[in-house]
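In order, the protein sequences belong to chains C and L.
Residue numbers are given in this note's numbering: position 70 of the first sequence equals residue 70, and the series is strictly consecutive.
Residue numbers are given in this note's numbering: position 190 of the second sequence equals residue 190, and the series is strictly consecutive.
To be clear, the hints were calculated from the coordinates, so they are not data collected in a lab.
A few of these clues could be false.
Taking beta-carbon pairs under 7 Å as the criterion, some of the chain L residues facing chain C (in silico) [claimed, not checked]:
| id | residue |
| --- | --- |
| 1 | Asp-244 |
| 2 | Glu-248 |
| 3 | Lys-271 |
| 4 | Leu-272 |
| 5 | Gly-278 |
| 6 | Asp-315 |
| 7 | His-316 |
In this text, all values refer to a predicted model and were calculated from it rather than measured experimentally.
Just so you know, even glycine gets a beta-carbon here, dropped at the ideal spot from N, CA and C.
There are 2 protein chains.
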Amino acid sequence: MQTSNTDKKVPADQRPKLKRSIIDCDIHHATGMNAIKPYLPRAYQELVKQYGPALPGGMHFNGGVGGRMADAYPEGGGSAGSDLELMKKQHLDRYNVEYGILTGEGYAMHATPNYDYAAAICRAINEYTIEHWLSRESRLRGSVFISKQEPKLASQEIDRVGGRPDMVQVIVSSGASLPYGNRFYDPIYEACVRHNLPFTIHVGLEGEGINSPHTGAGYVTHYIEQRCARPAVMAAHLASFIFDGVFERFPALKVVLQEAGVLWLAPFLWKLDQEWKGLRVQTPWVRKKPSEYFREHIRVTTQPFEETPNREIFDHLLESIYAKETLMFCSDYPHWDYDSPSQALPKLDHELWDSIYYQNAAKLYGLPQRQTEEMK
Amino acid sequence: MQTSNTDKKVPADQRPKLKRSIIDCDIHHATGMNAIKPYLPRAYQELVKQYGPALPGGMHFNGGVGGRMADAYPEGGGSAGSDLELMKKQHLDRYNVEYGILTGEGYAMHATPNYDYAAAICRAINEYTIEHWLSRESRLRGSVFISKQEPKLASQEIDRVGGRPDMVQVIVSSGASLPYGNRFYDPIYEACVRHNLPFTIHVGLEGEGINSPHTGAGYVTHYIEQRCARPAVMAAHLASFIFDGVFERFPALKVVLQEAGVLWLAPFLWKLDQEWKGLRVQTPWVRKKPSEYFREHIRVTTQPFEETPNREIFDHLLESIYAKETLMFCSDYPHWDYDSPSQALPKLDHELWDSIYYQNAAKLYGLPQRQTEEMK
């Protein structure tokens, strides 16, 4: 063994040759996805072309075209959701969106063990959002990205930009290594309350990096399983918030559950209340029925919404989750399973429609009443 | 450092004394629960007295008295569920139980990395069950315990005792390191089909030993959270069975979901069907709607049953999960949250009652029709 590899100082093709032949037992030839793609079965070739390699660091294939609507890619190139003018044309103008909350994409920094790096990425996202989006379009509002794996750094970022009137919430991925009711996260909620910002949990990054496996039964195999496991991850966070007493420690805190579905909450709330009746002696700080905390502190966005077998069940379950106070419309633009505002939900009576499509969000985010004319 | 510690060969109080005084930097005084209990806050003293230390190896406090009904402990001593005569008096005779399926308790062997040891314990449970219970009471049937962490050993145990007419299912904990649809487990399903035995997943051991954390968001803090997370673990197994194609590989296999609740299944099935519509190109072996696989292959036991806000929702959701074909009564005797057969469910029409309280189980387990007289 050499103490220093002097060959390295010489360009590779000028290094001295060996006279006697040798055997080398570890030579890395390139076997990346680009090299091997033609050798994969055709079905996987197509999937990889659409969604990338789907290996750790984005482990599952996605839906649509690259996870986005096929027609949301700008004609001049660039990724879906990168062009403000196209966003206006396809969504903000067309559907009369008075205010739109930007939630970004690619939450991989929420799964890295390097919390300083995560914090740097979050800060960069926040700066970019302010400069390239919020300053150019008055209908848009921003979400403060934070390194939730290091709550002190996270709270500093909330203090840094959370006071801006165009920043209306704090956002994290649902993928986590600890449920969000754990006291570990308290510095984040102190900062949220300080700036009157809801804490929003958006699905994503389950089972990646330092986050826990997708389910309580371990890692799942397929993207469809990951999607079907998302209500459960959100449910775990919700139970954690309630039973670890976060809303007793932070009575002003509001929490938004985003993109994990909606109607599963009804039987889940029944279960929370039922278990609480039998076991509340073990969590005496939980002073109210879990469903009361839910009603007061939790808001839920609509997309993706479960299809029910009939309208009656839909109405019953909407009532069970106090939808008139808790439900807020969202489209998920420009993702492949985007809900158009005119087709996301069945026909609702005017008051409920107005609550879900405007008032609940206006109240939560402190947004003004409608100023635009009604479209013909 | 000595090469051998010769002092160890001499009894401790006869070892030679040291002349010069020393400092020892690692002396383990006893700090087990028995020693420190008086120093704990009173509330924890009470919990530990009721449920044991609630540290890894049984991490959470439980409910009732030691997790059991207070009056299920035999007068002469012994644990709840240890005395056949008391079980007859309190449950089998009182509630006219024609057949009762024994499911044992304490599934810790399902969470140890030592699969040979796990297999030995399972075999011991099976032998004990046959000798002490099944041979003494003709109304009882047994469940084959298996070391699911080593599917080959597990399948050998199924082959060893699964052919007995008094063994009617294979049983495992829901706590797992891999969802049960993973091909890793195929040798178990081959053996189940060979002996025409349902594969039953009973809640328990989530987050313990080698099993995954309780939720997709990591470990939970309180027992009540563990209980509220159980539907999700079962949901993960169910999605895995369907989307990994187990029922295509084993068309005769039936699976029983036990003690994870019931009504959450309705919105979950809607979600499975909905996602399948959008993503089935990625799992082409899933030829039917997920809810159709559910209806054909899955059976669900009743306890603990979610309380609904009104009867209408209850009826709707029962229909959504095809309860008439899929739901089977169970009591969970003698656990603290036991459901008495006369109070487990609201009043049902005769046919539905008969399906849930008798026929669905009789069909699944191959049990004869009623032979007892109706009680007055």
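Do the hints match the structure? See the list:
Evaluation of the L/Asp-244 hint against chain C yields a held restraint, the C-beta minimum of about 6 Å falling below 7 Å. Among the interface hints, the one on L/Glu-248 is violated; its C-beta lies about 14 Å from the nearest C-beta in chain C, farther than the 7 Å criterion. Among the interface hints, the one on L/Lys-271 holds; its C-beta lies about 5 Å from the nearest C-beta in chain C, closer than the 7 Å criterion. A cut of 7 Å between beta carbons decides the hint on L/Leu-272: the least distance to chain C is about 6 Å, and the hint holds.
At about 6 Å, the closest approach between the beta carbon of L/Gly-278 and any beta carbon in chain C falls short of 7 Å, and the interface hint on this residue holds. Hint status for L/Asp-315: violated, given a least beta-carbon distance of 10 Å to chain C, over 7 Å. Proximity of L/His-316 to chain C holds as hinted, the smallest CB-CB distance being about 5 Å (cut-off 7 Å).
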